[in-house]
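Peer 1: These protein sequences, in sequence, are chains A and B. Going by the working numbering, the first residue of the first sequence is number 1, and it counts up by one from there. Going by the working numbering, the first residue of the second sequence is number 1, and it counts up by one from there.
Derived by calculation from the structure, the hints in this document are not laboratory data. Source: prediction; values computed, not measured. Careful, some of the hints might be misleading.
Note: identical chains are not told apart, hence a pair may lie in one copy or across any two.
Said to hold, decoys possible - Straight-line alpha carbon distances no greater than 30 Å define the calculated BS3-like cross-link-like pairs of lysine-lysine that follow:
#, residue 1, residue 2
1, 268, 225
2, 268, 142
3, 247, 268
4, 225, 179
Residues per chain, in single letters:
2 protein chains.
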Amino acid sequence: MSRPTIDDVAARAGVARTTVSRVLNNQPNVRPEVREKVRAAVAELGYRVNLQARNLAGRRALRIVLIHASDFDSEPNSYFASALELGATRAGARLGVQLITHVINQSDPAAADEILERVEDDQCDGVLLTPPFADDLGLLRKLAGLGVAAVCLAGGAEAETVAATVGIDDYRAGYDIGKHLVSLGHRSFGFIKGLAGHVSAEGRYDGFLAALGDAGLGEADIEWKRGNFTFRSGHDCAQALLGTARKASALVCANDDMAAGALLAAHKAGLRIPQDIAITGFDDTPVSEIVWPPLTTIHQPLRRMAARGVERLVEMAGEGQAAAPGREVVAHELVVRDSSVASRSA
Amino acid sequence: MSRPTIDDVAARAGVARTTVSRVLNNQPNVRPEVREKVRAAVAELGYRVNLQARNLAGRRALRIVLIHASDFDSEPNSYFASALELGATRAGARLGVQLITHVINQSDPAAADEILERVEDDQCDGVLLTPPFADDLGLLRKLAGLGVAAVCLAGGAEAETVAATVGIDDYRAGYDIGKHLVSLGHRSFGFIKGLAGHVSAEGRYDGFLAALGDAGLGEADIEWKRGNFTFRSGHDCAQALLGTARKASALVCANDDMAAGALLAAHKAGLRIPQDIAITGFDDTPVSEIVWPPLTTIHQPLRRMAARGVERLVEMAGEGQAAAPGREVVAHELVVRDSSVASRSA
DNA sequence: GCATTTATTGGAAGCGCTTCCAATTTGGAA
DNA sequence: TTCCAAATTGGAAGCGCTTCCAATAAATGC
Numbered sequence: 001m002s003r004p005t006i007d008d009v010a011a012r013a014g015v016a017r018t019t020v021s022r023v024l025n026n027q028p029n030v031r032p033e034v035r036e037k038v039r040a041a042v043a044e045l046g047y048r049v050n051l052q053a054r055n056l057a058g059r060r061a062l063r064i065v066l067i068h069a070s071d072f073d074s075e076p077n078s079y080f081a082s083a084l085e086l087g088a089t090r091a092g093a094r095l096g097v098q099l100i101t102h103v104i105n106q107s108d109p110a111a112a113d114e115i116l117e118r119v120e121d122d123q124c125d126g127v128l129l130t131p132p133f134a135d136d137l138g139l140l141r142k143l144a145g146l147g148v149a150a151v152c153l154a155g156g157a158e159a160e161t162v163a164a165t166v167g168i169d170d171y172r173a174g175y176d177i178g179k180h181l182v183s184l185g186h187r188s189f190g191f192i193k194g195l196a197g198h199v200s201a202e203g204r205y206d207g208f209l210a211a212l213g214d215a216g217l218g219e220a221d222i223e224w225k226r227g228n229f230t231f232r233s234g235h236d237c238a239q240a241l242l243g244t245a246r247k248a249s250a251l252v253c254a255n256d257d258m259a260a261g262a263l264l265a266a267h268k269a270g271l272r273i274p275q276d277i278a279i280t281g282f283d284d285t286p287v288s289e290i291v292w293p294p295l296t297t298i299h300q301p302l303r304r305m306a307a308r309g310v311e312r313l314v315e316m317a318g319e320g321q322a323a324a325p326g327r328e329v330v331a332h333e334l335v336v337r338d339s340s341v342a343s344r345s346a
Numbered sequence: 001m002s003r004p005t006i007d008d009v010a011a012r013a014g015v016a017r018t019t020v021s022r023v024l025n026n027q028p029n030v031r032p033e034v035r036e037k038v039r040a041a042v043a044e045l046g047y048r049v050n051l052q053a054r055n056l057a058g059r060r061a062l063r064i065v066l067i068h069a070s071d072f073d074s075e076p077n078s079y080f081a082s083a084l085e086l087g088a089t090r091a092g093a094r095l096g097v098q099l100i101t102h103v104i105n106q107s108d109p110a111a112a113d114e115i116l117e118r119v120e121d122d123q124c125d126g127v128l129l130t131p132p133f134a135d136d137l138g139l140l141r142k143l144a145g146l147g148v149a150a151v152c153l154a155g156g157a158e159a160e161t162v163a164a165t166v167g168i169d170d171y172r173a174g175y176d177i178g179k180h181l182v183s184l185g186h187r188s189f190g191f192i193k194g195l196a197g198h199v200s201a202e203g204r205y206d207g208f209l210a211a212l213g214d215a216g217l218g219e220a221d222i223e224w225k226r227g228n229f230t231f232r233s234g235h236d237c238a239q240a241l242l243g244t245a246r247k248a249s250a251l252v253c254a255n256d257d258m259a260a261g262a263l264l265a266a267h268k269a270g271l272r273i274p275q276d277i278a279i280t281g282f283d284d285t286p287v288s289e290i291v292w293p294p295l296t297t298i299h300q301p302l303r304r305m306a307a308r309g310v311e312r313l314v315e316m317a318g319e320g321q322a323a324a325p326g327r328e329v330v331a332h333e334l335v336v337r338d339s340s341v342a343s344r345s346a
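Full structure from sequences and hints, please.
Peer 2: Below you can see the structure in the form of structure tokens.
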């Protein structure tokens with residue numbers, strides 16, 4: 001009736017409770033055949049350890065540190081941060097993991113060292129990194145050297161060679177935006193990129209380019225600027241892009257905040273959206289719904305990503321130091337709203 | 001060195017562990033003097049129960065339900081919801097409480113019944129309510145009738161007679177906004193209210209009025225409209241208020257989203273902000289920082305409020321059914337940004 | 001004043017798990 | 001073949017708490 005306990009598993013496998021505990025914690029000195037028998041019993045019974053009991057019985061609770069980036073030049077997208085933290089906290093509560101959050105100034109040259117320091121101070125069992133730290137290969141290597149498991153959230157493709165990563169397929173997401181706009185008949189584009197260090201944002205551009213390629217278009221049909229992910233920079237870049245020499249009929253932005261800024265620039269220029277200019281964002285933060293018109297964007301399941309990150313860290317801790325790098329891709333989704341396609345209500 | 005246990009308290013008070021447990025759980029059959037002695041020992045040692053152990057020892061973990069409002073006509077402010085949930089989840093993890101989140105359509109006439117149903121289904125020990133449910137006195141009374149403890153977050157002043165509430169002093173916050181604008185020299189105002197059911201938002205208006213009163217101004221100097229907390233409604237109301245007959249030099253909005261909409265309307269009208277028109281928001285969600293110019297607003301410590309709500313629910317559960325109503329006020333803060341006072345960078 | 005409730009206390013088991021330590025088995029080296 | 005170290009297993013204590021039940025003290029009825 002009620003949840004099976006470790007003793008149920010032991011009885012079913014015909015071994016002592018101690019042996020089951022060893023298998024559960026990946027400890028040595030259990031014969032492979034016994035180990036297998038125990039695993040089978042666990043599976044048959046649908047057994048899952050009771051973390052309250054495990055923590056009570058001496059083993060200190062797993063501790064995981066979540067690192068957020070902050071900066072005066074490019075303030076963090078707080079919703080982005082909140083959503084990740086919420087997902088991580090939820091998963092942590094479920095898994096009996098203690099989550100500690102630190103905010104680090106990304107423009108500080110010593111940021112990486114500060115992270116390493118924090119990680120050591122907290123004696124944590126794992127780190128969850130967000131951009132741009134998730135793309136800092138040097139930092140990732142040092143973390144690995146320290147024997148600290150790390151999972152990169154929403155990072156770029158390069159990180160996966162050094163650490164475990166969780167994120168959407170940015171290339172594909174960029175492709176989806178491009179395909180959507182091309183299918184709408186657009187042939188000339190403006191593109192507002194993000195900061196250079198954010199590898200995932202660059203991947204989006206490459207994917208976008210690929211979609212244009214499919215339609216016989218190329219870099220010659222794109223005019224781009226680089227912002228820093230803020231509303232303000234989106235506004236300024238868009239103003240430049242929408243100047244007198246404007247050819248573009250669509251403006252693609254690397255995140256929602258910049259798209260919101262671009263929206264303001266377009267309104268100021270007296271342009272109708274999407275009739276005169278289509279604008280798209282990226283991330284599907286609440287911003288995309290509260291601006292007018294609402295933004296077509298790519299939905300990124302931030303909470304789930306963070307939750308998966310915590311889960312993987314827990315798995316790694318169980319398996320000892322075998323922090324196997326490798327990417328875990330979560331599904332994204334193109335969300336079409338009024339900023340690219342006029343609806344009946346617009 | 002390490003955290004004191006129940007046995008330490010028992011030894012110190014010179015009683016058995018069982019007796020301490022009784023006192024801790026507010027159970028009967030302990031002489032007042034003994035009870036007091038135990039309480040003293042608890043205080044001296046700084047003892048706090050280990051919830052892992054408590055839960056393990058049979059008592060099922062406390063379960064708390066968080067109710068969010070959603071609606072098609074006035075979509076929820078997702079950041080508002082996220083921040084509350086994050087605060088509640090953090091506190092829950094710390095306290096060993098299980099948190100369940102439900103989203104209820106506020107425009108459904110049967111919303112209150114649905115909440116009651118959910119609360120019974122989940123067999124929960126407490127409910128955390130957000131506006132407008134936090135102001136639904138009928139619902140609160142029914143909950144009390146069912147013996148379910150409830151805490152209202154960011155609700156109005158009336159709720160506190162029926163249930164426990166946690167929130168800022170909305171009247172005072174409105175007053176602060178008014179005083180700020182008056183001190184800046186403004187003498188004629190536009191005010192965009194929120195939905196009628198949101199009592200806390202009404203309190204802000206009253207406080208604002210009081211500040212004008214201090215300067216010899218009154219309702220005659222305010223022209224108001226009612227929105228529904230969305231960007232769109234803020235835009236529309238502002239457009240009406242900024243029309244040809246405009247007298248107002250400042251536009252006060254009951255939340256940040258509507259202020260962002262008002263900002264767009266002002267931009268469209270070719271007005272300079274804050275030189276031609278000052279605009280203020282309320283809540284200090286990320287929106288207030290990502291718009292241009294950034295919004296002067298009232299900071300509401302949402303995470304802490306939710307955390308306090310969980311803590312109070314846990315206290316109530318410990319004290320049996322003595323769900324003492326009463327308001328707990330948390331500090332708010334006036335955040336002055338460029339939308340009311342031009343800075344060097346603007 | 002004595003038997004019988006009733007209020008107040010304490011003893012001890014046990015929640016589901018980890019871990020120390022002792023017991024048993026195994027694999028070689030002598 | 002014999003003996004010892006290493007590998008493998010199980011027994012049992014105990015993490016901090018609740019709760020059942022027995023023991024004791026106080027209060028009530030006659």
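Peer 1: Each hint should be assessed against the structure and marked as holding or not.
Peer 2: Structure-based check of all given hints:
1. Both within a single protomer and between protomers do residue 268 and residue 225 lie at most 30 Å apart by alpha-carbon distance, with minima of 19 Å and 25 Å respectively.
2. Taking the closest pair of Cα atoms, residue 268 and residue 142 never come within 30 Å of each other, the shortest separation being 48 Å inside a single copy and 51 Å across copies.
3. Taking CA atoms no more than 30 Å apart as the test, residue 247 paired with residue 268 passes in both settings, with 18 Å inside one copy and 23 Å between copies.
4. Taking the closest pair of Cα atoms, residue 225 and residue 179 come within 30 Å of each other only inside a single copy of the chain (21 Å); across copies the shortest separation is 42 Å, beyond that limit.
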